[in-house]
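A.B. asks: Two independent chains are provided; combine them into the complex using the hints.
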Amino acid sequence: MKLQRGKFLVDPPASASSDIAFILIIFFLVCAAVQPETGIAQILPKTEEKTDKRDQSKNIEVSITPSSIVLNGSPLKLPEFSRRLTSALSRKTRDADRIVTVKSSPDTPYPIWIKVSQAIERAGGIITLELESDRVISVE
Amino acid sequence: MKLPRKKMTASIPSAAMGDIGFLLLIFFVILARAQDDSHVRWQPAKLKEVEMVASPLASVTIDTGFKTYLDGKTISTDELAGALSQILGDAPAGKRYVFLKVHKEAKATHFEPVIAAISEAGGDLVHILEAENISSTQ
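Top line first, the protein sequences correspond to chains A and B. Per this note's numbering, the first sequence starts with residue 1, numbered consecutively. Per this note's numbering, the second sequence starts with residue 1001, numbered consecutively.
Since the hints were derived computationally from the structure, they do not count as laboratory data. Hints should not be assumed to be uniformly reliable.
[Claimed, not checked] Capping the alpha-carbon separation at 30 Å, the derived lysine-lysine pairs in DSBU-like fashion look like this:
no.: 1; chain 1: B; residue 1: K1095; chain 2: A; residue 2: K77
no.: 2; chain 1: A; residue 1: K103; chain 2: B; residue 2: K1007
no.: 3; chain 1: A; residue 1: K103; chain 2: B; residue 2: K1067
[Claimed, not checked] Residues from chain B that keep clear of chain A, each with C-beta distances beyond 10 Å, as calculated:
no.: 4; residue: I1012
no.: 5; residue: V1029
no.: 6; residue: R1041
no.: 7; residue: G1065
no.: 8; residue: I1087
no.: 9; residue: G1089
no.: 10; residue: T1109
Just so you know, even glycine gets a beta-carbon here, dropped at the ideal spot from N, CA and C.
Chain B with its partners taken away, still in its complex shape (with noise of 0.2 Å):
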């Protein structure tokens, strides 16, 4: 006698369609975060009147070691202007942003040779600031 095998269905909750959408949406999200520097611990400056700010193309940090990171990989200051002309290439002018993220403790003789080598990479530059609280000024 044959018995009939019984017909096992798989099917996906559908349900379960806006989690998964969602979860990828996040996943992706991460991902388009490519010069991802969060792991370098630094603290902004304060000053008044600061803007809001496009997004870069390459980001270069001073942290509270004052190490210098570009894109969150730790490059020598003799070293950063090539790396950044190889990452600018050939965008326009207005479009070359690069961060500069630097501890508010760092000593001129930490930032000038950063800021000297993104000027030479032809890098527009864009300090990153924090807004002052007009109440802790007083």
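Chain A extracted, bound-state conformation (with noise of 0.2 Å):
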């Protein structure tokens, strides 16, 4: 004889679904609110007020505009950009020899900036930054 068993139907209960669906979406937000960061990091050393024109002719120097980077005056697209500048830095051993100043004309857009920066940290640049006020920042 085959004995018939039980039925044992467990239903959640329904007044919790919505406490569920409550802590689901903030699990959800919480979750895209904490994404990690992504960037570039760059040492800045402190700002300094630039008085001397101390080794300026030495030093390589880069122009941008929104339309063109220039290499000591030289306007050129930035894969051949960097590709001269690495050869011109891989010449030179000393820190002092490294630096690149950086002109930005004021209409310069960011996107172009951040990757003109990052072509002369490749190249093993030391930039620094020329701005209006005369203020000169190292950006290692």
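C.D. replies: Structural data, given as structure tokens:
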């Protein structure tokens, strides 16, 4: 004789479903809010007022405008700029010789500036920003 | 005749303990985000090969209207260096991280004075950027 097994149906309480949904919403909101951020780090020594023009003629000079990147007077595209800068800096061993003075026109967009800045760092240069107010920032 | 009063027992259902603990955990996670600048509208610039960055002591943002914010509060670039110095205090070099979030349409006139202020405060500058898709560059 076959015994009939009793059915145990356990329904989750319907009143709890709104609590569960609420907790899930909060959980996913928090997960979305605490996503890790990405970027690039730059070490900035303290800003100094430029009082003298020491060794400026020896430094590599880069001018950035919205439409061009000028390396020591020659306008270049970014890949060519990277190649020439890497080649120019590879011959220099002292930190003082690897200083690259960057002067941006006031309307230079941030994406272009950050790409040039990254290219200079990758080439082994030490960025020095020349601001309009004659303040100089060194960026390693 | 004295009627016996019925004893009322109020017990906290132990099944709810997990939910309560979970909600408290989320509450403290949100509170721990002291530098909440999520209300500031900005779009990051894209760059190849970005890295994960450590948590900052302060966060400076230039929003879509090119206004400067320090930890979510509006600030002028003249006041920024002083305010940052106070926040960074005596933190050792290499741990004085300051996040710089610049809206992708900002120009040098907007972001260079901010970089100068971070430099003046002795902050370790971290540009917050979005990783560029290799496929989108081709």
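A.B. asks: Hints first: check each against the structure and report whether it holds.
C.D. replies: Comparing the hints with the structure gives:
The suggested pairing of K1095 of chain B with K77 of chain A is violated, with an alpha-carbon distance near 36 Å, which exceeds 30 Å. Of the supplied pair hints, the one linking K103 of chain A and K1007 of chain B is violated, its CA atoms being roughly 83 Å apart against a limit of 30 Å. Under the criterion of a C-alpha separation no larger than 30 Å, the hint pairing K103 of chain A with K1067 of chain B is consistent with the structure, at around 23 Å. With a least CB separation of 15 Å from chain A, I1012 of chain B remains clear of the 10 Å interface cut-off, as annotated.
Listed as a non-interface residue, V1029 of chain B fails to keep its Cβ farther than 10 Å from every Cβ of chain A; the least gap is roughly 6 Å. The claim that R1041 of chain B lies off the interface holds: its Cβ sits roughly 15 Å from the closest Cβ of chain A, which is beyond the 10 Å cut-off. Its beta-carbon lying about 15 Å from the closest one in chain A, G1065 of chain B satisfies the requirement of being farther than 10 Å from that chain. Remark: the non-interface label on I1087 of chain B is consistent with the geometry, its nearest Cβ contact in chain A lying 16 Å away (cut-off 10 Å).
G1089 of chain B, annotated as away from the interface, keeps every beta carbon of chain A farther than 10 Å; the closest lies near 16 Å. The non-interface label for T1109 of chain B is inconsistent with chain A: the shortest C-beta to C-beta separation is roughly 4 Å, within 10 Å.
Checked against the numbered hints listed earlier, the structure breaks hints 1, 2, 5, 10; every other hint is satisfied.
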